[in-house]
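Asks: Chain by chain, the residues run as shown.
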Amino acid sequence: MKNFKIKLNFFLFLCLIPTFLMGFYFWFNKYSNELEGKNWIEKSNDLKNLIKTSEIIEKAWLEGQTDQLSKEEFVECKKELVANDNVDLSYLRCNPDFMKCFLKKLKGKIKYKRRGGAYKVSSVVPIEIGGRKHFGQVITRWSHKGKYVPNYSFALKLTSGKANLVFLMQNSCNEVFLPQRNYSYGGLSRITKNYWDNFNQSIFIDKFQVTFRDISEWKKVLRLPFEIPNKFIPSDSAFGLTIGEMKDYCSFKGKQLLQTHIWDAATYIPQDIRNKRKKIIRKGPYPWTKKRVSFLWKAKNNTDFKFKKKYCKKVFTKDCLSLIPFKRHSISSSSWSGVFQVLGGYPEAMKNPFNDGLNLKLSSFYFSASSSWHALGKRSYWNGFSFDTNRLGLKEELKFEKKLKVLEKLPSSEVRISFRCMRKLK
Amino acid sequence: MYEEIKMRVFLLFTMIIFNFYSCDFLKEKGLMTNVFEAKKYGDWVFTHRLAILNQHYFNKDEPILRPYLTWQLLAKFRVLGGGGDEAYSECLFYKVPYFDKKGKKPKVFGQILSKRISKNDKCSIEGDSIKKDLLTGVEDFKVFFSHKKVLAKKSKREIQPFVFTMSYSKEGKTYWSSFPLVNLNVDGIKWGKEKKIRFSQRKLGRYSSTEREGLFKAGYFWSDLEREDNEDFRVDLGHQKYIDGKAIRCEAWSKDCKKKQQSFCQNCRWGWYEVVGGKCEKFHDKFCGQDNCGIRGWPACPKGLQQEKLSYLKGHCQKSKEKAFCQEGLEKVCDGDGVVICL
Numbered sequence: 001m002k003n004f005k006i007k008l009n010f011f012l013f014l015c016l017i018p019t020f021l022m023g024f025y026f027w028f029n030k031y032s033n034e035l036e037g038k039n040w041i042e043k044s045n046d047l048k049n050l051i052k053t054s055e056i057i058e059k060a061w062l063e064g065q066t067d068q069l070s071k072e073e074f075v076e077c078k079k080e081l082v083a084n085d086n087v088d089l090s091y092l093r094c095n096p097d098f099m100k101c102f103l104k105k106l107k108g109k110i111k112y113k114r115r116g117g118a119y120k121v122s123s124v125v126p127i128e129i130g131g132r133k134h135f136g137q138v139i140t141r142w143s144h145k146g147k148y149v150p151n152y153s154f155a156l157k158l159t160s161g162k163a164n165l166v167f168l169m170q171n172s173c174n175e176v177f178l179p180q181r182n183y184s185y186g187g188l189s190r191i192t193k194n195y196w197d198n199f200n201q202s203i204f205i206d207k208f209q210v211t212f213r214d215i216s217e218w219k220k221v222l223r224l225p226f227e228i229p230n231k232f233i234p235s236d237s238a239f240g241l242t243i244g245e246m247k248d249y250c251s252f253k254g255k256q257l258l259q260t261h262i263w264d265a266a267t268y269i270p271q272d273i274r275n276k277r278k279k280i281i282r283k284g285p286y287p288w289t290k291k292r293v294s295f296l297w298k299a300k301n302n303t304d305f306k307f308k309k310k311y312c313k314k315v316f317t318k319d320c321l322s323l324i325p326f327k328r329h330s331i332s333s334s335s336w337s338g339v340f341q342v343l344g345g346y347p348e349a350m351k352n353p354f355n356d357g358l359n360l361k362l363s364s365f366y367f368s369a370s371s372s373w374h375a376l377g378k379r380s381y382w383n384g385f386s387f388d389t390n391r392l393g394l395k396e397e398l399k400f401e402k403k404l405k406v407l408e409k410l411p412s413s414e415v416r417i418s419f420r421c422m423r424k425l426k
Numbered sequence: 427m428y429e430e431i432k433m434r435v436f437l438l439f440t441m442i443i444f445n446f447y448s449c450d451f452l453k454e455k456g457l458m459t460n461v462f463e464a465k466k467y468g469d470w471v472f473t474h475r476l477a478i479l480n481q482h483y484f485n486k487d488e489p490i491l492r493p494y495l496t497w498q499l500l501a502k503f504r505v506l507g508g509g510g511d512e513a514y515s516e517c518l519f520y521k522v523p524y525f526d527k528k529g530k531k532p533k534v535f536g537q538i539l540s541k542r543i544s545k546n547d548k549c550s551i552e553g554d555s556i557k558k559d560l561l562t563g564v565e566d567f568k569v570f571f572s573h574k575k576v577l578a579k580k581s582k583r584e585i586q587p588f589v590f591t592m593s594y595s596k597e598g599k600t601y602w603s604s605f606p607l608v609n610l611n612v613d614g615i616k617w618g619k620e621k622k623i624r625f626s627q628r629k630l631g632r633y634s635s636t637e638r639e640g641l642f643k644a645g646y647f648w649s650d651l652e653r654e655d656n657e658d659f660r661v662d663l664g665h666q667k668y669i670d671g672k673a674i675r676c677e678a679w680s681k682d683c684k685k686k687q688q689s690f691c692q693n694c695r696w697g698w699y700e701v702v703g704g705k706c707e708k709f710h711d712k713f714c715g716q717d718n719c720g721i722r723g724w725p726a727c728p729k730g731l732q733q734e735k736l737s738y739l740k741g742h743c744q745k746s747k748e749k750a751f752c753q754e755g756l757e758k759v760c761d762g763d764g765v766v767i768c769l
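Chains as they are written, first to last, in my numbering: chain E, 1 to 426; chain D, 427 to 769.
Just so you know, these hints were derived from the structure itself, not from any lab. Predicted, not measured: the structure shown is a model, and the values here were computed from it. Where hints are given, some of them may not hold.
As the list claims (entries may be wrong) - A few chain D residues that face chain E, going by a derived Cβ cut-off under 7 Å, partial list only: (1) Asp511; (2) Leu630; (3) Tyr633; (4) Tyr646; (5) Leu651; (6) Glu652; (7) Asp658; (8) Phe659; (9) Arg695; (10) Trp696.
Stated by the list, open to error - With a straight-line Cα cutoff of 25 Å, these simulated BS3-like cross-link-like pairs (lysine-lysine) come out: (11) D:Lys616 / E:Lys426; (12) D:Lys684 / E:Lys147; (13) D:Lys575 / E:Lys52; (14) E:Lys59 / E:Lys105; (15) D:Lys616 / D:Lys667; (16) D:Lys643 / E:Lys52; (17) D:Lys557 / E:Lys426; (18) E:Lys276 / D:Lys629; (19) E:Lys59 / D:Lys575; (20) D:Lys558 / E:Lys38; (21) D:Lys745 / E:Lys276; (22) E:Lys426 / D:Lys708; (23) D:Lys568 / E:Lys48; (24) D:Lys685 / E:Lys147; (25) E:Lys145 / E:Lys157; (26) D:Lys557 / E:Lys424; (27) D:Lys708 / E:Lys424; (28) D:Lys557 / E:Lys162; (29) E:Lys48 / E:Lys107; (30) E:Lys30 / D:Lys599; (31) E:Lys426 / D:Lys667.
By construction, the Cβ of each residue, glycine as well, lies at the ideal position given by its N, Cα and C atoms.
This is chain E alone, in the form it adopts within the complex (with noise of 0.2 Å):
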């Protein structure tokens, strides 16, 4: 009897262990299934939160402001950047340099509401970059070798509890679409040798001129040495650079120099909007206007012509030199299709696909509005490289005067020539 209850026992005991082991192994399995959805949930939750941040920096980025600066730092990150009155606020829209300014002052947290919450906090993380730490870092196709990564865009590094990703922002604020009909290049409208179109493309083109901002930028990628020029400021267009180096800076931008015809298009005010098919195009010399005349036309051909002030919004010319601070990254006149800075400010040099002779778009401040290079269409040559009037055959036409402010900064005979670029999608 007393054997048989030993036998009993050791055969419960036997049965017991392994269903004992099994229903820990089940237990474990269920309790680690429970723990594991139950991070999935918070992960999913986390990445919801970031994405809403995602959604205020995109903001800021596009706008070039936001509601998380207080005016007070708002006008700081102004004073870092050197935007001040000269400077038109849309040089903050899609800039790196604001994006870090606006990160700083708020130590990379940003607070949002998600509808029916409470206030909760993100954080961008420094990245670091050559032994120091940066909100953000530009990621270009020039400097990462994977599938997808895009020409160029500024990468934030986001984290909120369990999750993390990457923000890429890409410049969608300061390119436009040339509207698809048919163009000609050069002033007259006669030449039909001359008519193209752009139906089936989809060209953009830099609304403004390249900055030292974008130019140091690209130096810092590449590694190389630059400093802007003394007495200057980033968003001043950039000058000073070969036409090789014009073209090196477009195509680290996936672009090519903006070409002659193009940007005859993009400035010539169509004389029928409507009709994308015109088979004769004609043409006016001037972008706010369809008719010949205009206040540049009365300053060339009447002798009584007083310059105002106000002209100095549609073209910045030598006259405005004294009478007016000269405004980067002016939106103050556009051209039809919406590029800036098609008259006056700078010269800007171009590719020339037509007649390599005529290169450069010479209306500029070192130009009275009486001067006939104020006007679309009229190019002169650049040899590409260098700078000296004396050397450029410009000698006849840039009468510097060495009292202009502006060229007080530079030796007088140096002539500063911008540029900008273009590109086709698809």
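Using the hints provided, position chain D relative to the given structure of chain E.
Replies: Coordinates of chain D only, in the frame set by chain E:
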């Protein structure tokens, strides 16, 4: 003695209950609804290409009821990972429930299956997978997705663009799960029936910018900055002159106007340019590098489509020449590939 037996019985009983409780999860192989939803949110959020398959099931606001007990492939998500690489693909399947003739309740419930596969693999219910997520006991399954707002009239709901939405019932409760696809734009959607909406067909007009048509206009997302892969996808590491014959053709068209290979112009390190001429009349080849069109030794610049009508001359090369221009004093010549170059 009696106390001892009582104790043993109690212990045995406790262990049996514990084991039953532990084994409970075996009853359902699928995930809990909220866990499934949370997992898919994270798995799909970085989708940059979406293929809609069996498009007739989408945006109908009607449950999928036929064919009974079959797995229906609904969508393929191609998801971006770290450093600008594609990480994996996920395939979404639905197993249609079975109803008997009179029953309102299904005899066999439906199942939602998400299967992760390698980025280059095809979606198949039988094929290998990296992981699977299953939601069982499902009925009244509806699916919605569009690049525009969709109004589900019966359900009185508005489905937001670029948000993949599923609605289903489980254990008498109706669920609406929304998955925003933050990297997706119009170009990335491949519809089952309609042709892919190309960038050029989008309504770009005066003042249009390069903003994307998606949930984020100016940005997109990677899971990380670091890459898992080390392959260099950049093409054209130096300046390749066209005249030297070393320029890299990143998009090539055959004589019968079919793409010879998938275009990789997006990987050109220095941008790309299009040439006039080539083998196909309709579409032109593209090369990596800086565009120097019109200059001696480089391809001619495109004059556009309208200019074709000016051509009275036959012959592909002659026609191509009329569609291009060179700098003054240069001559247009077709090279061995039929590309118009300036000499």
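Asks: The structure should be examined with respect to each hint, and the outcome stated for every one.
Replies: Quick rundown of the hints versus the structure:
1. Asp511: 5 Å, holds
2. Leu630: Since the shortest Cβ distance to chain E is 5 Å, the answer is holds.
3. Tyr633: The hint holds - Tyr633 (chain D) has a Cβ within 7 Å of chain E, the shortest such distance being about 5 Å.
4. Tyr646: 6 Å, holds
5. Leu651: 5 Å, holds
6. Glu652: 10 Å, violated
7. Asp658: Holds - the Cβ of Asp658 (chain D) comes within 7 Å of chain E, reaching about 4 Å at its closest.
8. Phe659: 4 Å, holds
9. Arg695: Because about 6 Å separates Arg695 (chain D) from the closest Cβ in chain E, which is inside the 7 Å limit, the hint holds.
10. Trp696: 4 Å, holds
11. D:Lys616 / E:Lys426: Cα-Cα ~17 Å, so holds.
12. D:Lys684 / E:Lys147: 24 Å, holds
13. D:Lys575 / E:Lys52: Holds: Lys575 (chain D) and Lys52 (chain E) sit about 20 Å apart, inside 25 Å.
14. E:Lys59 / E:Lys105: Holds, at about 17 Å.
15. D:Lys616 / D:Lys667: With Cα atoms ~36 Å apart, Lys616 (chain D) and Lys667 (chain D) exceed 25 Å; violated.
16. D:Lys643 / E:Lys52: Judged against 25 Å, a Cα distance of about 14 Å means the pair holds.
17. D:Lys557 / E:Lys426: With a Cα-Cα distance of about 36 Å, the restraint between Lys557 (chain D) and Lys426 (chain E) is violated, given a limit of 25 Å.
18. E:Lys276 / D:Lys629: 15 Å, holds
19. E:Lys59 / D:Lys575: 22 Å, holds
20. D:Lys558 / E:Lys38: 18 Å, holds
21. D:Lys745 / E:Lys276: Measuring from Cα to Cα gives roughly 23 Å; hence the hint holds.
22. E:Lys426 / D:Lys708: It holds: about 15 Å lies between the C-alpha atoms, which stays within 25 Å.
23. D:Lys568 / E:Lys48: Holds. Lys568 (chain D) to Lys48 (chain E) sits at ~23 Å (cutoff 25 Å).
24. D:Lys685 / E:Lys147: Satisfied, since the Cα-Cα distance of roughly 20 Å is no more than 25 Å.
25. E:Lys145 / E:Lys157: Answer holds: Lys145 (chain E) to Lys157 (chain E) is near 19 Å, not above 25 Å.
26. D:Lys557 / E:Lys424: 41 Å, violated
27. D:Lys708 / E:Lys424: 18 Å, holds
28. D:Lys557 / E:Lys162: 21 Å, holds
29. E:Lys48 / E:Lys107: 21 Å, holds
30. E:Lys30 / D:Lys599: Measuring from Cα to Cα gives roughly 24 Å; hence the hint holds.
31. E:Lys426 / D:Lys667: 22 Å, holds
In this structure, the hints that do not hold are numbers 6, 15, 17, 26, in rising order.
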